[in-house]
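Going down the list, the protein sequences come from chains A and B.
Numbering that gives the first Met the number 0 applies: residue 0 is where the first sequence begins, and numbers increase by one.
Numbering that gives the first Met the number 0 applies: residue 0 is where the second sequence begins, and numbers increase by one.
Think of the hints as simulated: they come from the structure by calculation, not from any bench.
Selected chain B positions facing chain A (Cβ under 10 Å, derived; list incomplete):
hint: 1; residue: Phe253
hint: 2; residue: Leu280
hint: 3; residue: Ala289
hint: 4; residue: Val314
Chain A is nowhere near these chain B residues, computed Cβ spacing over 12 Å in every case:
hint: 5; residue: Glu47
hint: 6; residue: Gly49
hint: 7; residue: Arg66
hint: 8; residue: Ile151
hint: 9; residue: Gln179
hint: 10; residue: Gly186
hint: 11; residue: Ser188
hint: 12; residue: Arg195
hint: 13; residue: Lys197
hint: 14; residue: Gly227
hint: 15; residue: Arg349
Values in this document were obtained by computation on a predicted structure and should not be read as measured data.
Think of the CB as a built atom: it goes at the ideal place given N, C-alpha and C, for glycine as much as any other residue.
One-letter residues, chain by chain:
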Amino acid sequence: MIDFELSPEEEASVKMAHKTAEELLRPIGRYYDEHEHESPQELIDTMWERRAEGSRDPLGVVGALRIEEMCWGDAGLVLCLAGPGLGGAAVFASGTQEQMGRFLKRFGEGKPVWAAMAMTESGCGSDTSAITTTAVRDGDEWVLNGEKIFVTAGKRAVEESDGFVVVWATVDKSAGRAGMKAFVVEAGTPGMSVEKLEKKLGIRASDTATIVFEDCRIPYENILGSPEVRKLDKTKTAGFQKAMATFDATRPIVAAQAIGVARAALDFVKEALEKEGIEIRYGLPRQKLTAIERDVMDMEATYKAAKMLTMRAVWMMSQGQANSLQASMCKAKTGLAVTKITQKAVELMGPLGYSGKYIVEKCMRDAKINDIFEGTGQINMLVVARRVLEFSRDQLK
Amino acid sequence: MISFSPTEEQQMIVNMVKQVATDEFRKVYREADESGEIPAHVVDTAWELGFISTGIPEEHNGLGGERSAITGSLIAEELAWGDLSMAMHTLCPALVAYPILEMGTPEQQSKYLPAFCGDKYKPATAALIEPRFNSDPCALSASARLDGNDYIVSGEKCYVPLAADADLLLVYAAENGSTQGFILEKGASGLEVGEREKNMGLKALPTYEVTFKDCRVPQANRLGGKDGCDFNRIMNCSRVALSAMAVGVARAAFEYSRDYAKERAAFGEPIASRQAIAFMLAEMAIEVDATRLMTWEAAWKLDRQENATREASLVKMYADDMVVMVTDGGVQILGGHGYIREHPVELWLRNGRGFATFDGMAII
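Given these sequences and hints, build the entire structure.
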């Protein structure tokens, strides 16, 4: 039955996330935006202690709604919080029971710990088949060599906690996509080091690291999925499918982050208008609306559209339904929506919009990453297009 | 619990409606658009599915089923996917039946509702839109004032579907600043149905200008009697119905242009193999889905009897823009062929462009 009702417990869970965002994240968001690479240790510790809150349904609709609320508070801070993150999602999506036990147990105990995912290289972003990092088998070990960039939470996973990084590397360059495999590298493994931290347009509280692997040796059992290089057909390969399975899970989560940022900007605009006595007259024929009412209604409708697509993708995932198409749909829509909504907010707020005293200019900077990471808007459009056309990568490049 | 899955029963209804849309509407929609006439058997076949009588209680000869805006949205999308003129024609009697069902007095219900439960199509319509650029349902020029035991209704309306044939006409007019409905029967004195309108689209659906010249309406025919009607809710039910129909029209254009783009070759490969075309189709698919989900959410609010003005207005505005973007994309993808009346996309663009105008012309 089509239903949009949250149970009282679910609603309470979402409200609690909002309260946390309002009380703990909002007040310090600006400071950590201005002090890039400084760690909000107190927040990290507090949130680590509270991590059981809402973890009952981490990847479900309620989980996504909680993420929206938290990112309404501050997206950069949310991204720097300890937890399984994208690395954990990869293990969860493609690890064996034994691996899940071995790698994910740490998120339930002890000190704050992070897991990161290392895919992008200086020579490739969306074209992950062009990865040059290599993994060579040597007896009971894999030997990794290469350099990964733009690793979200990379430094925290590698240097500041007993975390791990899921590294994508090729075991056979000639096999293309089929040779691409994911490996778990534990923090403290010799041969793995953080080389630099990026300075970014937004989400500055989140560390974005370059990680270098030099003859980095890891146990043979740390490969996620089958080590076999197996060509299924020209377009689909086992290794690549694993990566895509991870994206099916993570894209809607990133989309949920994005709609949180969009709503932060939208709420600011609506409150500012309300203070000036400007009311949004829903239901008025469009030819009678003022330009500002039109703009705000457009922003709000776009936010809703993105949110509904996101909730559907998350819901399908929680139901165990294949959601690649819907995950890419929501990611493509949301990345663009949050970009446009926050830019419009800056425009509508005039002098308040551009000023570092208020939140909207920061929202606009934080927003843009959502149209880039976990697949740019364009790559997601390509995935959607291939799916709706039932075209292979060869038929639609 | 949050869910995006229709019930089995709803899915069965959708399949049934899709069948009629495919077998009946899609067979004759072009001819109907050209001639301006919908074959009677098409309307009769759709009527037989009992969309309106299902929601009417048994005491008024209906089937006594539950009336749901979500189910209504699913039905409206499928019908409009078949053809918008025919969808609006099929559901036109609801413009009178549903407001009476929800807000009518017991006398109004027992007097008028049984007629909507017969085997034969019951032509009935509503007059809301006014022929001026800033026509506003909540600030109408048409007026109603009490004079003795009657209301005197005067004003001008346009886009009144089936006005020439309708046995019942529900006219909306301003009464002391609020919009109220008044039920008129065919041939009421002062009720003048003008020429059939010639519109950009919806050509198969007859619409008319209607003039009310000091039309006397008995007090008993004020919708909802003394309490009047909840006009906001009527508008919201209309916004949701039209949004669902916009999704149907847009989906039709998306599917057709997608299939065309896979077939049509240029420079040695299907045009869909080029990102310029493929990305248009991806955007169309995304926006159709987004609008459908927003429509469901607004419908869900209606079903819970909550105030849905914000959700319904937002989705209606979004749907108005979406359907133009998608149907225009359909014409564009077909290029020169899209402009020719041999293909349906130009018809969908003409029909799609109307949604921003159609407020109050369909209800759920």
